[in-house]
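K.L.:
Okay, here's what each chain looks like letter by letter:
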Amino acid sequence: MGHFKHHRGLLLAAVFALPALIGTAQAADTVKLGMVGELSGAGAPSGTNWRDGAKLAVTEVNAAGGILGKKVEMPEFDTQTDPQVSRALVQKAIDDGVVAIIGTVYSGSTLVNMLVAKQNSIPQFVGSEAPTIVERGNPFVYRTSSGAQKGVPALTPYFKDTLKAKKVGVAWVNNEFGRGGRNVFIAEMKKAGIDVVIDVASEQAQTDYAADVAKLKSANPDAVFVYMNQEESARFLIEAKKQTLPMPLVGEVTLTEAKVIELAGPAAEGAIAHVGVTATATEVPGIAAFARSFEETFKRKPTHDAIKGYVGVWSTKYVMDMVGKTDGEAFSKKMKGLCLKVADHPKILLDTCWDDRGEMSRPSFMVQVKGGSPVVIGSVPAN
Amino acid sequence: MSQFLQVLLSGLATGAVYALVAIGFTLVWQAAQTVNFAQGEFVMLPAFFVLIGMNWLGLSFWISLLFGLVVSVVLLGLVFKKLIVEPILPHGGITLIIATMALGILLKESAKEFYGAEAQPFPALFPGDPINLFGAAVSLRDLLNLAISLGVVVLLTLFLNRTRTGRCMQATAQNPAVAEILGVDVKRMVLYTFLINAALATLASFLITPVYLAKFSNGETLGLIAFIAAIVGGFNQIRGALVGGLLIGVLDNLTATYVTAQYRAALPLVLLIAIILVRPQGLVGTSEGRAV
Numbered sequence: 115m116g117h118f119k120h121h122r123g124l125l126l127a128a129v130f131a132l133p134a135l136i137g138t139a140q141a142a143d144t145v146k147l148g149m150v151g152e153l154s155g156a157g158a159p160s161g162t163n164w165r166d167g168a169k170l171a172v173t174e175v176n177a178a179g180g181i182l183g184k185k186v187e188m189p190e191f192d193t194q195t196d197p198q199v200s201r202a203l204v205q206k207a208i209d210d211g212v213v214a215i216i217g218t219v220y221s222g223s224t225l226v227n228m229l230v231a232k233q234n235s236i237p238q239f240v241g242s243e244a245p246t247i248v249e250r251g252n253p254f255v256y257r258t259s260s261g262a263q264k265g266v267p268a269l270t271p272y273f274k275d276t277l278k279a280k281k282v283g284v285a286w287v288n289n290e291f292g293r294g295g296r297n298v299f300i301a302e303m304k305k306a307g308i309d310v311v312i313d314v315a316s317e318q319a320q321t322d323y324a325a326d327v328a329k330l331k332s333a334n335p336d337a338v339f340v341y342m343n344q345e346e347s348a349r350f351l352i353e354a355k356k357q358t359l360p361m362p363l364v365g366e367v368t369l370t371e372a373k374v375i376e377l378a379g380p381a382a383e384g385a386i387a388h389v390g391v392t393a394t395a396t397e398v399p400g401i402a403a404f405a406r407s408f409e410e411t412f413k414r415k416p417t418h419d420a421i422k423g424y425v426g427v428w429s430t431k432y433v434m435d436m437v438g439k440t441d442g443e444a445f446s447k448k449m450k451g452l453c454l455k456v457a458d459h460p461k462i463l464l465d466t467c468w469d470d471r472g473e474m475s476r477p478s479f480m481v482q483v484k485g486g487s488p489v490v491i492g493s494v495p496a497n
Numbered sequence: 080m081s082q083f084l085q086v087l088l089s090g091l092a093t094g095a096v097y098a099l100v101a102i103g104f105t106l107v108w109q110a111a112q113t114v115n116f117a118q119g120e121f122v123m124l125p126a127f128f129v130l131i132g133m134n135w136l137g138l139s140f141w142i143s144l145l146f147g148l149v150v151s152v153v154l155l156g157l158v159f160k161k162l163i164v165e166p167i168l169p170h171g172g173i174t175l176i177i178a179t180m181a182l183g184i185l186l187k188e189s190a191k192e193f194y195g196a197e198a199q200p201f202p203a204l205f206p207g208d209p210i211n212l213f214g215a216a217v218s219l220r221d222l223l224n225l226a227i228s229l230g231v232v233v234l235l236t237l238f239l240n241r242t243r244t245g246r247c248m249q250a251t252a253q254n255p256a257v258a259e260i261l262g263v264d265v266k267r268m269v270l271y272t273f274l275i276n277a278a279l280a281t282l283a284s285f286l287i288t289p290v291y292l293a294k295f296s297n298g299e300t301l302g303l304i305a306f307i308a309a310i311v312g313g314f315n316q317i318r319g320a321l322v323g324g325l326l327i328g329v330l331d332n333l334t335a336t337y338v339t340a341q342y343r344a345a346l347p348l349v350l351l352i353a354i355i356l357v358r359p360q361g362l363v364g365t366s367e368g369r370a371v
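In the order they appear, the protein sequences are chains L and A.
The first sequence begins at 115 in the working numbering and counts up by one.
The second sequence begins at 80 in the working numbering and counts up by one.
Here chain A stands alone, though its shape is the one from the complex:
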């Protein structure tokens, strides 16, 4: 029971971080009808901004986190939209997808060139002390990671559904032309989407890097798993990304513990194939019609 609880909680904590990254895929898809294949690198990079703040600028850890958040939101949100998305999007979604792939490689290699190939230690946001939960010693850090990730998803959902700006963003995602006719500042709403995506990726980076360590290649696996999580849950739904992320996090840990550790890396791909065959719109996604 203790083992099951520990594995379940670790899976949920990791899965919640996958969900944050997967929501980024969903948001960018809704805003620009494209897939950002540099999303994994968007999670890798903020940790290095924090390390630059601490080791190069001499800032304290908490100020460095703020520094990392601001730099990430500007570079991975504003600059990404202005320099990559806006000029390339008119040439088609596929062109933009390829551009994000190139961007991912550029970011990864730049981090390696600038900060080296070796992993770097990254301070934990919370103490790693164990606490007793139903007789099992579980990590406080896991609990807090899970609570923060889920809290942010709830807040984001409330923001999108309950505020005027949120509803304008949804209107923009559903039909930008009609939204514009109705007086929505479409460009601004799209910008908000990219800024939120960058902030979510940054939060995921801060939560996961103390365990994964700061390394240039961190985005490779993370980006792929989050992409699969978004598809499994439903690419056009934020709650889909949440379900997909949590599901993969939990299944990965349970499989490694009770079935096989050797094939755990294949699990998300197997899940992806199964979902595409059985329910292509994802577990909680909705079908989208396409005019030909």
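The following block holds chain L by itself, in its conformation from the complex:
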């Protein structure tokens, strides 16, 4: 009995130490990526697609041998579409030992949480498109689609040459994302000599667009640039149809999203958008394969946010494998001016380059909703 007492302390220590030892052993065999996204709240349509695209990529990366030969794990963190929560969760993910952050999508959140990743030298792939994100000198933040300052100018030839618009209207959501796109669009129209005759701001989560649409209708522009998040875009399109807004409605990315079409129904018919990537660009083999896999796995069509999440995880894998370690500083150095070609890195889907600020360039598409689906009506070269 006395002998047992003597060893009881050692036994207890061993019992408590064992899980930690096992944990360390597991940690050494895995690479953790922190998926921080808008899984609930106003951003849930974007965030859940982003998450699912990333999950699909993690499955494929593991099947292809993981990152640096190690299995990839991706814990999920729900920001509830709250910037302050997202900041705390990025910190929590880093404390949990992630080597890269995948997210967030909403620009308002990214602007707040990317400072935490930067302070910890952790690479961060984001789905956000506000211009300010890459203008803050953060060497650890990288886009998975072009920012509004690149995407919106791609629309200028469409307004000027295809629609031959002389006067246009802008309807935008008054948040970081909307304001960024609206400012770039107005500057672009000024450069192109097109008058912006009406500028209508709406609030995030706004439900009643009767006044907004009535004002646009009254101003009678040749076309309207619509720059809102998904649910707001759907409500706007429903009201636009109700009031028979006659001019073309042209957006950047979200206006022709699958979720917007589902919510707006027939009201989405005819809407036009420039999209960085779209699952309907099935003439691109990588995108067609991705769309098939996603639909088989999640029983629904992927959105561009799903493609962005997918590209974020695969980019992390490609770059870490190139660097040969998970070190954030080395990763950041490698990302400056990096170009990944589909020929060598097929899961990047389209030839993609990042500049020294983390901004992305790649070919993009013009799509229009026809028969309830977005259809590619043209391609735009990388700018």
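For the record, the hints were derived by calculation from the structure and aren't laboratory data.
Each hint should be verified, as a subset may be incorrect.
[Claimed, not checked] Partner residues are not named here, just some residues of chain L that face chain A (Cβ under 10 Å, in silico):
1. GLY157
2. GLN194
3. THR195
4. PRO197
5. ALA315
6. GLU317
7. ALA324
8. ASP326
9. ALA328
10. LYS329
11. SER332
12. GLU345
13. GLY379
Cβ atoms here follow ideal geometry from the backbone N, Cα and C, with glycine treated the same way.
Keeping the supplied structure of chain L fixed, place chain A upon it in accordance with the hints.
P.N.:
Same frame as chain L, but now just chain A:
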């Protein structure tokens, strides 16, 4: 002119739906001398019952509407009264108000948990085709929403004023003790009030969700605006709730169109403060004495 007419009509159509919800506040106040802060969620939830009918039970849209109406009236009328109001009311109105706040959170989070955080499409009751009215293209859906809401309010007023049951309900609201002495089945009348409130909330849900989309958080703003509408119009009068709802709907749209869109959300609150300062009983409400 065309723009003004469109905005005015949209405001009236939205305001009429606010009025339906606001009348619910008035009815519950008269029946139980309390405020149901879950009223917004009572409007959010019936749309999800319809979606369950369509997507889970495979019912047609119109049968699902009926299913949604029955489930809502039972759960938000009968069960709400039996499980929440009756046990808690004897402990005081404030306790019940807090309980309805908790209920609102429970309903909202349950809808989110059960049906997800994403908005869901909801079929429109009427075609959205435009019609020409005095030279302006206005929405047929707006016109029908307005006509149905106003029609229901008129019918409800006639029911309360012209039928025996309606007058018994009014007697119960004014003085339950005296009504009981006079042979009115007070408990039954109170139950009718809660069932009517649930039916009004359901109708509001069916009319507004095709535009607002079915989302767990829909009740937040709607409940607040309807509450303000009830106060602005007069909390103790059905016609007050109607006036308040229409006024806020129209002013909101006119302000957003002709003054500022940025501060439109503040308008109902500004109106509320002004009414409380100038005419605390509301625009068409009557003063109520309180014994201390």
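K.L.:
Output the numbers, in ascending order, of every earlier hint that fails for this structure.
P.N.:
Failing hint: just 4.
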